[in-house]
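4 protein chains.
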Amino acid sequence: MGNSFGKIFKLTTFGESHGDAIGGVIEGCPSNVNVDLSFIQSELDRRKPGQSRITTSRKEDDQVTFLSGIFEGKTTGTPIGFIIPNTNSRSKDYSNIKDVYRPSHADYTYEEKYGLRDYRGGGRSSARETACRVVAGAIAKLVLAKYNIDILAYVQSVGDVAMSPKKHDINLLRKASEENMVRCPNAEMAKKMISLIEQVKKKGDTVGGRIFCLINGVPTGLGEPVFDKLHADLGKAMLSINAVKGFEYGSGFDGTRMKGSEHNDVFETKSGKVITQTNYSGGIQGGISNGQQIYFSVAFKPVATILTDQNTIDKSKDNIKIKVQGRHDPCVLPRAVPIVEAMASLVLLDHFLRNKTTKW
Amino acid sequence: MGNSFGKIFKLTTFGESHGDAIGGVIEGCPSNVNVDLSFIQSELDRRKPGQSRITTSRKEDDQVTFLSGIFEGKTTGTPIGFIIPNTNSRSKDYSNIKDVYRPSHADYTYEEKYGLRDYRGGGRSSARETACRVVAGAIAKLVLAKYNIDILAYVQSVGDVAMSPKKHDINLLRKASEENMVRCPNAEMAKKMISLIEQVKKKGDTVGGRIFCLINGVPTGLGEPVFDKLHADLGKAMLSINAVKGFEYGSGFDGTRMKGSEHNDVFETKSGKVITQTNYSGGIQGGISNGQQIYFSVAFKPVATILTDQNTIDKSKDNIKIKVQGRHDPCVLPRAVPIVEAMASLVLLDHFLRNKTTKW
Amino acid sequence: MGNSFGKIFKLTTFGESHGDAIGGVIEGCPSNVNVDLSFIQSELDRRKPGQSRITTSRKEDDQVTFLSGIFEGKTTGTPIGFIIPNTNSRSKDYSNIKDVYRPSHADYTYEEKYGLRDYRGGGRSSARETACRVVAGAIAKLVLAKYNIDILAYVQSVGDVAMSPKKHDINLLRKASEENMVRCPNAEMAKKMISLIEQVKKKGDTVGGRIFCLINGVPTGLGEPVFDKLHADLGKAMLSINAVKGFEYGSGFDGTRMKGSEHNDVFETKSGKVITQTNYSGGIQGGISNGQQIYFSVAFKPVATILTDQNTIDKSKDNIKIKVQGRHDPCVLPRAVPIVEAMASLVLLDHFLRNKTTKW
Amino acid sequence: MGNSFGKIFKLTTFGESHGDAIGGVIEGCPSNVNVDLSFIQSELDRRKPGQSRITTSRKEDDQVTFLSGIFEGKTTGTPIGFIIPNTNSRSKDYSNIKDVYRPSHADYTYEEKYGLRDYRGGGRSSARETACRVVAGAIAKLVLAKYNIDILAYVQSVGDVAMSPKKHDINLLRKASEENMVRCPNAEMAKKMISLIEQVKKKGDTVGGRIFCLINGVPTGLGEPVFDKLHADLGKAMLSINAVKGFEYGSGFDGTRMKGSEHNDVFETKSGKVITQTNYSGGIQGGISNGQQIYFSVAFKPVATILTDQNTIDKSKDNIKIKVQGRHDPCVLPRAVPIVEAMASLVLLDHFLRNKTTKW
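Chains A, B, C and D, in that order, give the protein sequences. Heads up: the first sequence runs through residues 1 to 360, numbered per our numbering. Heads up: the second sequence runs through residues 1001 to 1360, numbered per our numbering. Heads up: the third sequence runs through residues 2001 to 2360, numbered per our numbering. Heads up: the fourth sequence runs through residues 3001 to 3360, numbered per our numbering.
Bound conformation, chain A alone:
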């Protein structure tokens, strides 16, 4: 059941990092949407390995092939099937971990759940699966753009190096964050982050961080009152990304220390439009968008694949020492930015479509 996301605009993914291909099926995309293939590829390129010296040196082109649902450049309303071939998988890198449970990986839990596992590259638990989310997210972005809904994520912190979140101007922030390899819009902080990642990489270690996400132009009315609150679905979307440990929106954890009289966002009318003077609500009230900017923050742990000696156990439950090899990311944050945007896009478009049947 857990391989699909969304109720109307729905993505189902399949694939392991070391099979022939990964892929997905997108259902519920409205017909007649122009599909800009180069935009989709450019989104994949933002996620792809090997894009800079602070990501894994593994290189994969991540070329998507669409198999259905698009005809003469437009969506047909039928399911969009696509695959991304696995071109650069070195399965032999993994033969030494076949019988070993790497610390803080999914090796042990998969084996406990399924009784066997595809040990090559983490199998289904590999973050490679998220490339499919980027494809679907890119298509969702194309639809959302028609309604001027604009989503931007950027790296807010790496380890202890953190900028205070900026919320506008979204275009300037986009430009600034894509100008450096760590995708942080604060140039000075970006330098420090890159330097920290390089240090960490040298030691074969990894480091975590936070991604901040802004959504502008969301109309009022998206989200549902009870279980499918807009922020609950955004939260689930983010927590479903590999290595994510936390999610907060609006005032978030800091809001727990506030008084209601400070936290309440006072409504007022400005040029005929309803706005709020502050936005601790993060653009969502009672689970439903109120037309203000939506913003949230996502916590990523340091990835588990480190290149130093570690103690662990093997399938016979014996204590052993391992030293993992391969080509891995010292910090996933820069490559996770487009994934955060993609998952946010899926949630937004799904709720946008769901909302079409609400009011008579």
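The set of hints was computed from the structure by calculation and includes no laboratory data. Please note that a few of the clues may not be correct.
[Unchecked claim] Keeping only pairs whose Cα atoms sit at most 27 Å apart, straight-line, the calculated DSS-like set for lysine-lysine is:
| no. | chain 1 | residue 1 | chain 2 | residue 2 |
| --- | --- | --- | --- | --- |
| 1 | C | 2259 | D | 3191 |
| 2 | A | 259 | B | 1059 |
| 3 | B | 1007 | D | 3007 |
| 4 | D | 3315 | C | 2270 |
| 5 | D | 3323 | C | 2273 |
| 6 | B | 1074 | C | 2315 |
| 7 | A | 315 | B | 1359 |
| 8 | D | 3321 | C | 2259 |
| 9 | D | 3273 | C | 2321 |
| 10 | A | 321 | B | 1259 |
| 11 | C | 2259 | D | 3059 |
| 12 | B | 1007 | A | 356 |
| 13 | B | 1273 | A | 321 |
| 14 | A | 167 | A | 192 |
| 15 | B | 1098 | A | 359 |
| 16 | B | 1270 | A | 315 |
| 17 | C | 2321 | D | 3259 |
| 18 | A | 356 | C | 2074 |
| 19 | A | 74 | D | 3317 |
| 20 | C | 2317 | D | 3270 |
| 21 | C | 2059 | D | 3259 |
| 22 | C | 2007 | B | 1007 |
| 23 | D | 3146 | B | 1356 |
| 24 | C | 2270 | D | 3321 |
| 25 | D | 3359 | B | 1074 |
Given the structure of chain A, go ahead and fit chains B, C and D onto it with the hints provided.
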């Protein structure tokens, strides 16, 4: 679509705070479970208004009536329908807010979404809906208890008053937290929290805080690899509770500042059982439970209903001043503890049942 | 999972025939629909027991109480919870069948599936559950009527007494079929059917028959290409009604004996509207409505509760003789007419709403 | 939403007849199932075009490629993605129908629904999509075979040529029906059917018929009481197959003419096993399997693609004459046999897995 939670063990709720009753339907509960009605009622009592001087003075008995699915004291495997009558709703308290959008409430967003709203007591957005979750959660707890899965939540902070989270002994923590009206297991901090809430209440103001939740006894293998990661479903469950602004599990936001070499949980075998030396993973790896303790933290904002003058707008978009009246909670944390436990129970039992079809 | 029907306009039902009440939750009803309570009750009255001398003599008022989702006479867009109290259940009638598996009832299969059963009145397998479908169907009809979608079912045959299906004029057919207690629009045949049912009843026996259903005014475009073809969902809807053994639409089983050259419905334009010269397609092509009249036929077996001696087995698997008592229908067809209409309404409205997100 | 089938064992398909490939994703297949690739291919071969002189002369190898979910010959519990390349699609055959609505095809309804269509070969409405169902059904059969659940379909009638349905011996029936190209187990009737199809083909016409399906070895307890009755899901499964117009199970439409006293299936115990003396119930009572043989019948209309002149309209709504060309089946029945079996397998396995969580 958004009125149901769960895929196999599924709760659907209905009801506004000021109709005849709220209620729900529980599907997928296995047959032959002994239904301990007094336990279910005791869980409702932990959530009910008017239980202490730091909660709302509104009194509702919150008596649940089961209409189906239980026969001669046991579940029959068919849907369990139940209602909780609304006995103490004073609708006239709300006539003055009929045409007003209260700051940081759902008034404005509901009206934008649906074109009309039941303005009495917040209608469907009222936290009264969560009583139904407590009923379903109590039944889930009865099933989970058979497998020694044990869930405890407690108040970790109110405003700036915070204890450092304790993770064992779960029974002592339970005893200690239920001994005071704020449900914090640290007696000293509990006193300070109560005193803070009383101060805030006196001013007609409100305050937020954090709830910490522990789950012991979860077998390995619960959760799914990709979108329905166990922590993603826990996160959505928590974020769907009124006033929640954030969720983190395991190392959470603090984990973003760690190195992989610090964060990795080393496996070892202890008396034939696989354990991890540390538990930054929070009992979940690759989205699947690894048999260690699951723990997470939930951020609650200060509730929006304050009893002081506030600026806002009305339906004609005119600026006005309002002073909300009624009987409200200065701090929802104490009453939210059983809701957090209930939602965690729903997630755990649903994944427990889902996992039954996984391995051949 | 199997207690809900529909994807956007969704009904979930609960309740056994001998608990306090049966009931349901309707999700996805658009807001702002005027709820005509007397119409809903009149639909329930068409289904209620004791309405004529050819139905069961059991009398139940079947009064529906709405608990939520309706405010000041209009739907609010939130779930509509409702209950129908069980007022005239004589549980003692069933004590003698507690340990017996009645032939062709669900006694044996429920006990095999769940390990126990509510033996009073068939428990969840009682056709009483369909009253909830009639409530939801009535609300769906109110919405569909705004779009001039009009649904009529009538009794086409009882045992060997059959009229050839008439497809228009729908208003005349409605009037004629509601004029007699068997709900057959052919007055002469109606008399024969009533006489047959009376004979059968005298012997404590039962008899089956066919219901024919017409749907006018369906716009083009409802239904989905592959699994959720409009007729597949109508078929499932009908086959989910108690005692139904078959479903055919358009040319149906007779169509298997035709040639393509006879069966193809030729398109033509008439006053600017696309129509087909014949309608063997039954208004649905490739699973999607083509704007022509939809029609189908539903087969009901004779109900299993007969009042004569029967051989069977008990829980100890011993052969025994039973003589069932109680108040039962000699023929369910007249009371099944509103159920067929209700289920058709649920399918149509669900697909109507689903279709709103299809085209850009 | 309508591109998936099943709730736990779930197939999602994608693809048009003239894109690069069709394909699907199978979720919920238990781990550790041995995947017999040659069996899967042999099932596809039973469906493939060009297999005999009474099917279309179009030849496609229909070679399935699995992309994920299988590792070292076993299922891993993760989604099984697969594609079937479209190797022999002559798109130019369809250029003349680009702007034409062929009678009784999906051309008009697709265009009305989506505002555009992939006109090559019917696009998504092509029966080519069913090849994906055969792949998933074959995997389901492999799982069901472990539990001795055995499914057989055969051609019971073509046009007016009909055999009376035989229900055993299932192995002899299988052998007999696979011995001739029309897949009818009655050799004499098979000859007549083949001769009829050849006549029809010569005239460029088509003919319909019925497929009969038997399922042996189903344990008690599969199916759910209300909406997801086992026969309701089988009915939907069958009605979702291209060209199907009707479904009946057990006594079916004939049962409408019976009395309850004739129709009731008397239980008895035979060598310690509960059986019924007759089986008008078709192995399903109250929507749940009772351990007896399940059987049903499926009506197929004559396919709409005929090679003679026909009147119709074009996109401008002008009346025109068309003569369709291409390579088409004069009768789909022989190739539909494995599709009926596949869809039955999907339903059975899904309910088998669903039932695993029912009883405590």
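Okay, the hints, checked on the actual structure:
Proposed proximity of residue 2259 of chain C and residue 3191 of chain D is supported: the alpha carbons are some 19 Å apart, at most 27 Å. Only pairs whose Cα atoms come within 27 Å are accepted, and residue 259 of chain A paired with residue 1059 of chain B is accepted, the gap being roughly 25 Å. A threshold of 27 Å between alpha carbons decides the hint, and for residue 1007 of chain B with residue 3007 of chain D the separation of about 9 Å falls inside it, so the pair holds. A threshold of 27 Å between alpha carbons decides the hint, and for residue 3315 of chain D with residue 2270 of chain C the separation of about 15 Å falls inside it, so the pair holds.
Restraint check: the Cα-Cα separation between residue 3323 of chain D and residue 2273 of chain C comes to about 24 Å, which is no more than 27 Å; the hinted pair holds. Of the supplied pair hints, the one linking residue 1074 of chain B and residue 2315 of chain C holds, its CA atoms being roughly 19 Å apart against a limit of 27 Å. Among the hinted pairs, residue 315 of chain A with residue 1359 of chain B is consistent with the structure: their alpha-carbon atoms are about 18 Å apart, no more than 27 Å. Our distance criterion of 27 Å between C-alpha atoms is met by residue 3321 of chain D and residue 2259 of chain C, whose separation comes to about 19 Å.
With a C-alpha separation of about 18 Å, the suggested pairing of residue 3273 of chain D with residue 2321 of chain C holds against the 27 Å cut-off. Straight-line distance between C-alpha atoms of residue 321 of chain A and residue 1259 of chain B comes to about 19 Å, which keeps the hinted pair within the 27 Å bound. A threshold of 27 Å between alpha carbons decides the hint, and for residue 2259 of chain C with residue 3059 of chain D the separation of about 25 Å falls inside it, so the pair holds. Of the pairs offered as hints, the one joining residue 1007 of chain B and residue 356 of chain A holds, with about 24 Å between alpha carbons and a cut-off of 27 Å not exceeded.
A C-alpha spacing of about 19 Å is found between residue 1273 of chain B and residue 321 of chain A, which places the hinted pair at or below 27 Å, so the restraint holds. Between the alpha carbons of residue 167 of chain A and residue 192 of chain A the distance comes to roughly 21 Å, so the proposed pair stays at or under 27 Å and holds. At most 27 Å may separate the alpha-carbon atoms for a hinted pair to count; residue 1098 of chain B and residue 359 of chain A meet this at roughly 20 Å. Pair hint residue 1270 of chain B plus residue 315 of chain A holds up; C-alpha atoms about 15 Å apart against a cutoff of 27 Å.
Under the criterion of a C-alpha separation no larger than 27 Å, the hint pairing residue 2321 of chain C with residue 3259 of chain D is consistent with the structure, at around 19 Å. Our distance criterion of 27 Å between C-alpha atoms is met by residue 356 of chain A and residue 2074 of chain C, whose separation comes to about 19 Å. Restraint check for residue 74 of chain A and residue 3317 of chain D: the C-alpha separation of about 24 Å stays at or below 27 Å, so the hint holds. Of the pairs offered as hints, the one joining residue 2317 of chain C and residue 3270 of chain D holds, with about 10 Å between alpha carbons and a cut-off of 27 Å not exceeded.
Distance hint between residue 2059 of chain C and residue 3259 of chain D is fulfilled; the C-alpha atoms sit about 25 Å from each other, no more than 27 Å. Restraint check: the Cα-Cα separation between residue 2007 of chain C and residue 1007 of chain B comes to about 14 Å, which is no more than 27 Å; the hinted pair holds. Proximity of residue 3146 of chain D to residue 1356 of chain B is assessed by CA-CA distance (about 18 Å); at most 27 Å being required, the pair is judged to hold. Of the supplied pair hints, the one linking residue 2270 of chain C and residue 3321 of chain D holds, its CA atoms being roughly 17 Å apart against a limit of 27 Å.
In summary, the hint linking residue 3359 of chain D to residue 1074 of chain B is supported, as the alpha carbons are separated by about 12 Å, within the 27 Å threshold.
The earlier numbered hints are all upheld by this structure, with none contradicted.
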